[in-house]
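Let the sequences and hints guide you as you build the complete structure.
Listed below are the residues making up each chain.
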Amino acid sequence: AQSVTQLGSHVSVSEGALVLLRCNYSSSVPPYLFWYVQYPNQGLQLLLKYTTGATLVKGINGFEAEFKKSETSFHLTKPSAHMSDAAEYFCAVMYGYSSASKIIFGSGTRLSIRP
Amino acid sequence: DVKVTQSSRYLVKRTGEKVFLECVQDMDHENMFWYRQDPGLGLRLIYFSYDVKMKEKGDIPEGYSVSREKKERFSLILESASTNQTSMYLCASSAGYSSGNTIYFGEGSWLTVV
Numbered sequence: 003a004q005s006v007t008q009l010g011s012h013v014s015v016s017e018g019a020l021v022l023l024r025c026n027y028s029s030s031v032p033p034y035l036f037w038y039v040q041y042p043n044q045g046l047q048l049l050l051k052y053t054t055g056a057t058l059v060k061g062i063n064g065f066e067a068e069f070k071k072s073e074t075s076f077h078l079t080k081p082s083a084h085m086s087d088a089a090e091y092f093c094a095v096m097y098g099y100s101s102a103s104k105i106i107f108g109s110g111t112r113l114s115i116r117p
Numbered sequence: 003d004v005k006v007t008q009s010s011r012y013l014v015k016r017t018g019e020k021v022f023l024e025c026v027q028d029m030d031h032e033n034m035f036w037y038r039q040d041p042g043l044g045l046r047l048i049y050f051s052y053d054v055k056m057k058e059k060g061d062i063p064e065g066y067s068v069s070r071e072k073k074e075r076f077s078l079i080l081e082s083a084s085t086n087q088t089s090m091y092l093c094a095s096s097a098g099y100s101s102g103n104t105i106y107f108g109e110g111s112w113l114t115v116v
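Chains B and G, in that order, give the protein sequences.
Residue 3 is where the first sequence starts when you use our numbering, and the numbers rise one by one after that.
Residue 3 is where the second sequence starts when you use our numbering, and the numbers rise one by one after that.
Quick caveat, the hints were computed from the structure, so don't treat them as lab data.
It is possible that part of the hints are untrue.
To be verified - Below, in silico cross-link-like pairs of lysine-lysine (DSS-like), each with a Cα-Cα straight-line distance of 30 Å or less:
no.	chain 1	residue 1	chain 2	residue 2
1	G	Lys5	G	Lys20
2	G	Lys57	G	Lys72
3	G	Lys15	B	Lys71
4	B	Lys60	B	Lys71
5	G	Lys5	G	Lys57
6	G	Lys73	G	Lys20
7	G	Lys73	G	Lys5
8	G	Lys20	G	Lys72
9	G	Lys72	G	Lys5
10	G	Lys5	B	Lys104
11	B	Lys60	G	Lys5
12	B	Lys104	G	Lys57
13	G	Lys5	G	Lys55
14	B	Lys51	G	Lys20
15	B	Lys51	G	Lys15
16	B	Lys71	B	Lys104
17	B	Lys60	G	Lys57
18	G	Lys20	B	Lys104
19	G	Lys55	G	Lys20
20	G	Lys59	G	Lys72
21	G	Lys5	G	Lys15
22	B	Lys104	B	Lys51
23	G	Lys73	B	Lys51
24	B	Lys70	B	Lys104
25	G	Lys59	B	Lys51
26	B	Lys51	G	Lys5
27	G	Lys73	G	Lys15
28	B	Lys60	B	Lys104
29	G	Lys72	B	Lys104
As the list claims (entries may be wrong) - To give an idea of the interface, some chain G residues facing chain B are shown, with a C-beta separation under 10 Å as derived from the structure:
no.	residue
30	Val6
31	Gln8
32	Arg11
33	Glu19
34	Glu24
35	Leu43
36	Arg46
37	Leu47
38	Ser89
39	Cys93
40	Gly108
C-beta atoms are modelled at their ideal positions from N, C-alpha and C, and glycine is treated no differently.
Below you can see the structure in the form of structure tokens.
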């Protein structure tokens, strides 16, 4: 069965430090890949997505992610964490190319920022 | 900007009550979804619809039904609410493949069943 694994349910970094949130998916078939962010008491907001083309994708708020097919990974990074980055982050994968294709979400990683 | 509006942010219902969660999107999207979010479990798909009056079961449809009579509106129905349905419910929509399959989410509805 297709799945998405986010390593670490909780990640804590210091303000100004590198942020690395890990995501691996279960198939070697090139999928659509997404990262979403959820701030407290809000819905999910798209950070970035990979569809085709360049494997390094830049998103909002200084985040970026790299699609590595050989490693079936799509890790999210930000060079310097800010207090406002504290939120929950979800990796998601879509297989197939029809409009009815389902998106599978990871279980989420809560990011905390230490002053 | 795409707007997905969920009619109720916070609800408290009694066990056995029939519960309606309403969702409206303003971007003429074909696809609409209902997810349930629980700590440590991420988002789980309850139902989705890719056209008016069309619906498909997601991963956890038991105890739920849906209705899509108009393109912009997708309702989630709990026929007889139970305490294990206490959760955050997220509605979402997408234009599908033509837009890169991006899903847009509402703010969520917190349901407590007592």
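Indices of hints not satisfied (ascending): 3, 14, 15, 17, 33, 34 and 38
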